[in-house]
Every structure is written in C-alpha cells, then in structure tokens.
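S.K.: Sequence:
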Amino acid sequence: MNEWNIQSRAHACEACAQPFADQQLYHTLLLDEKAGLRRSDICEPCRQKQSAADARSRAGFISHWQGIFEVPPPVVDAIQKETAETVLRKVIEQNDPQHMAAAYILAVMLERKRILKVKEQIKRDGRRIFIYEQPKTGDIFTIADPNLRLDQLEQVQRDVAQLLEHGLNPAPAAAAPAPAAETSGAENETAPTPAEEPAPAN
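Using my numbering, the letters of the sequence shown map in sequence onto residues 7 to 208.
It is possible that some hints are incorrect.
[Claimed, not checked] Here are the computed distance ranges between Cβ atoms for each label pair:
| hint | residue 1 | residue 2 | range |
| --- | --- | --- | --- |
| 1 | 120 | 41 | 15 to 25 angstroms |
| 2 | 27 | 168 | 37 to 47 angstroms |
| 3 | 104 | 23 | 35 to 45 angstroms |
| 4 | 23 | 172 | 40 to 50 angstroms |
| 5 | 157 | 22 | 11 to 21 angstroms |
| 6 | 60 | 118 | 30 to 40 angstroms |
| 7 | 132 | 11 | 16 to 26 angstroms |
| 8 | 164 | 60 | 46 to 56 angstroms |
[Stated by the list, open to error] Straight-line C-alpha distance at most 20 angstroms; calculated SDA-like pairs for lysine to any residue:
| hint | residue 1 | residue 2 |
| --- | --- | --- |
| 9 | 96 | 130 |
| 10 | 123 | 103 |
| 11 | 40 | 13 |
| 12 | 40 | 123 |
| 13 | 55 | 73 |
| 14 | 142 | 103 |
| 15 | 55 | 76 |
| 16 | 55 | 35 |
| 17 | 129 | 66 |
| 18 | 142 | 29 |
| 19 | 129 | 11 |
| 20 | 123 | 73 |
| 21 | 142 | 73 |
| 22 | 129 | 62 |
| 23 | 129 | 106 |
| 24 | 119 | 141 |
| 25 | 123 | 72 |
| 26 | 142 | 18 |
Just so you know, these hints were derived from the structure itself, not from any lab. Computed from a predicted structure; not experimentally measured. Think of the CB as a built atom: it goes at the ideal place given N, C-alpha and C, for glycine as much as any other residue.
Start from the sequences and build out the full structure, keeping to the hints where you can.
M.R.: What follows is the structure, encoded as structure tokens:
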C-alpha cells in the first residue's frame with residue numbers, strides 16, 4: 007500500500023456515535039490494521055469507560071493522543087493562494103509516487119513552521135513512517151521517509167519549489183509572455199536544509 011495519506015478527524019465518536027461539540031475533548035487512537043493505518047476518534051466519556059491498558063491491548067494499537075474538537079469554519083468560495091499545506095494535500099490526494107519525496111520535504115517544512123506536529127514515528131515494512139497532525143483541523147498526515155540520497159536532494163528541492171510556485175497541475179504557457187503579476191507568496195516558501203529531519207513530538 008502507499009504509505010502516505012490523509013485521514014480527517016471524525017465529527018462523531020466512533021464508540022457511541024454522538025456528534026462532537028465545539029471545544030469538546032476527544033481522543034485519537036492510531037491502529038495498524040491489514041488495510042493500513044487507521045485512526046479511531048472517541049469522546050471523553052467513552053474513553054473513561056476503558057482504561058489505558060484496555061486501549062493499548064486493542065489489536066494493532068500504535069499510539070494515542072487527545073485533542074480539542076473545533077467546529078469547521080464555513081466554506082468560503084474564494085480563490086486562495088497556494089500554500090505548502092494545500093500543495094501537500096493535493097500531492098497526497100493525487101497519489102503519484104513520483105511526488106513522494108516532495109511530500110516528505112513539504113511535511114518537514116510545515117513541521118518546522120509548527121503547522122504540522124509529529125505525533126508518532128513508526129517502522130512499517132522496513133520503512134520509517136511519520137504521523138503528522140494538523141492541530142487546527144485534526145487531520146492526520148501519514149508520510150513515508152523516502153530515504154533520499156545526497157545526489158537526489160537538489161532535484162527534489164527543485165521539484166518542491168516548482169510545486170509551490172506553479173501548483174500541482176500548472177496551466178500550459180501562453181504563446182506571448184504574460185505581464186508581470188503580483189508575487190504569490192510561494193517565493194517565501196523555501197525548502198528545508200535536507201540534512202535535518204523532523205523529530206517526534208514529546
């Protein structure tokens with residue numbers, strides 16, 4: 007299976023099916039199942055009915071953390087500038103292996119900017135997998151370490167810069183040069199120093 011994906015936070019408790027209220031405490035369990043990694047979101051009352059030992063004894067248990075549920079803001083129908091996070095989401099949704107290294111670098115950039123937090127670091131099928139969370143949305147990003155070699159880093163950083171400047175599917179160039187446009191903000195996104203890697207959160 008592809009070891010990079012996004013799993014959104016549930017809007018209701020998996021155990022009792024009660025919808026989460028705004029600012030309600032919830033718990034996330036990360037489970038390793040045959041089909042892949044799966045998150046399970048449960049409310050505090052259901053969590054209290056089971057001990058920590060019970061949770062850890064569940065088949066495939068990997069990790070547990072808690073968060074505060076926030077009601078998603080209304081969708082605004084407006085054109086928004088591409089950011090490292092929106093590019094990362096599109097790259098993962100497209101599920102193209104050629105962008106795996108770029109997804110990893112984008113995740114590292116977002117972790118350094120404190121937009122994503124490393125919740126867990128595991129090994130699966132001999133590969134290192136980082137579990138990131140977007141605290142504001144509760145979304146989980148599963149990103150595989152591509153084990154980049156030094157001779158690959160320059161090309162990957164060029165790929166990341168291209169994605170940030172032009173997006174995932176840039177429109178074909180016009181025959182005549184386009185007039186100068188305002189900067190999109192992508193120029194401010196710089197790829198991280200490749201020698202460094204994200205460290206798991208405490």
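S.K.: Would you mind marking each hint as holding or not holding in the structure?
M.R.: Results for each hint:
1. Distance hint for residue 120 and residue 41: a CB-CB separation of about 31 angstroms, inconsistent with the stated range 15 to 25 angstroms.
2. Checked against the hint of 37 to 47 angstroms, the C-beta distance between residue 27 and residue 168 comes to roughly 43 angstroms, which is consistent with it.
3. For the pair residue 104 and residue 23, the supplied restraint of 35 to 45 angstroms holds, since their beta-carbon distance comes to about 40 angstroms.
4. Taking 40 to 50 angstroms as the suggested C-beta distance range, the pair residue 23 and residue 172 conforms, at roughly 43 angstroms.
5. Range check, residue 157 to residue 22: Cβ separation about 53 angstroms, and the 11 to 21 angstroms hint is violated.
6. Range check, residue 60 to residue 118: about 36 angstroms between beta-carbon atoms, so the 30 to 40 angstroms window is met.
7. Taking 16 to 26 angstroms as the suggested C-beta distance range, the pair residue 132 and residue 11 conforms, at roughly 19 angstroms.
8. For residue 164 paired with residue 60, a C-beta distance near 49 angstroms keeps the hint of 46 to 56 angstroms intact.
9. Distance check on the hinted pair: residue 96 and residue 130 sit about 24 angstroms apart at the alpha-carbon level, beyond 20 angstroms; violated.
10. Between the alpha carbons of residue 123 and residue 103 the distance comes to roughly 23 angstroms, so the proposed pair goes past 20 angstroms and is violated.
11. Note on residue 40 and residue 13: the hinted pairing holds, with a Cα-Cα distance of about 16 angstroms set against a maximum of 20 angstroms.
12. Distance restraint check for residue 40 and residue 123: the Cα-Cα separation of roughly 26 angstroms exceeds the 20 angstroms cut-off, and the hinted pair is therefore not satisfied.
13. A C-alpha spacing of about 18 angstroms is found between residue 55 and residue 73, which places the hinted pair at or below 20 angstroms, so the restraint holds.
14. Our distance criterion of 20 angstroms between C-alpha atoms is broken by residue 142 and residue 103, whose separation comes to about 28 angstroms.
15. Of the pairs offered as hints, the one joining residue 55 and residue 76 is violated, with about 23 angstroms between alpha carbons and a cut-off of 20 angstroms exceeded.
16. Restraint check: the Cα-Cα separation between residue 55 and residue 35 comes to about 15 angstroms, which is no more than 20 angstroms; the hinted pair holds.
17. Straight-line distance between C-alpha atoms of residue 129 and residue 66 comes to about 13 angstroms, which keeps the hinted pair within the 20 angstroms bound.
18. For the hint pairing residue 142 with residue 29, the CA-to-CA distance comes to about 11 angstroms; that is within 20 angstroms, so the pair holds.
19. Taking the CA atoms of residue 129 and residue 11, the gap is near 16 angstroms; set against the 20 angstroms cutoff, the hint holds.
20. Taking the CA atoms of residue 123 and residue 73, the gap is near 12 angstroms; set against the 20 angstroms cutoff, the hint holds.
21. Under the criterion of a C-alpha separation no larger than 20 angstroms, the hint pairing residue 142 with residue 73 is consistent with the structure, at around 10 angstroms.
22. Distance hint between residue 129 and residue 62 is fulfilled; the C-alpha atoms sit about 18 angstroms from each other, no more than 20 angstroms.
23. Restraint check: the Cα-Cα separation between residue 129 and residue 106 comes to about 17 angstroms, which is no more than 20 angstroms; the hinted pair holds.
24. Note on residue 119 and residue 141: the hinted pairing holds, with a Cα-Cα distance of about 13 angstroms set against a maximum of 20 angstroms.
25. Taking the CA atoms of residue 123 and residue 72, the gap is near 13 angstroms; set against the 20 angstroms cutoff, the hint holds.
26. For the hint linking residue 142 to residue 18, the alpha-carbon distance of about 17 angstroms falls within 20 angstroms, and the restraint holds.
The structure fails to meet hints 1, 5, 9, 10, 12, 14, 15 from the earlier list, while all remaining hints are met.
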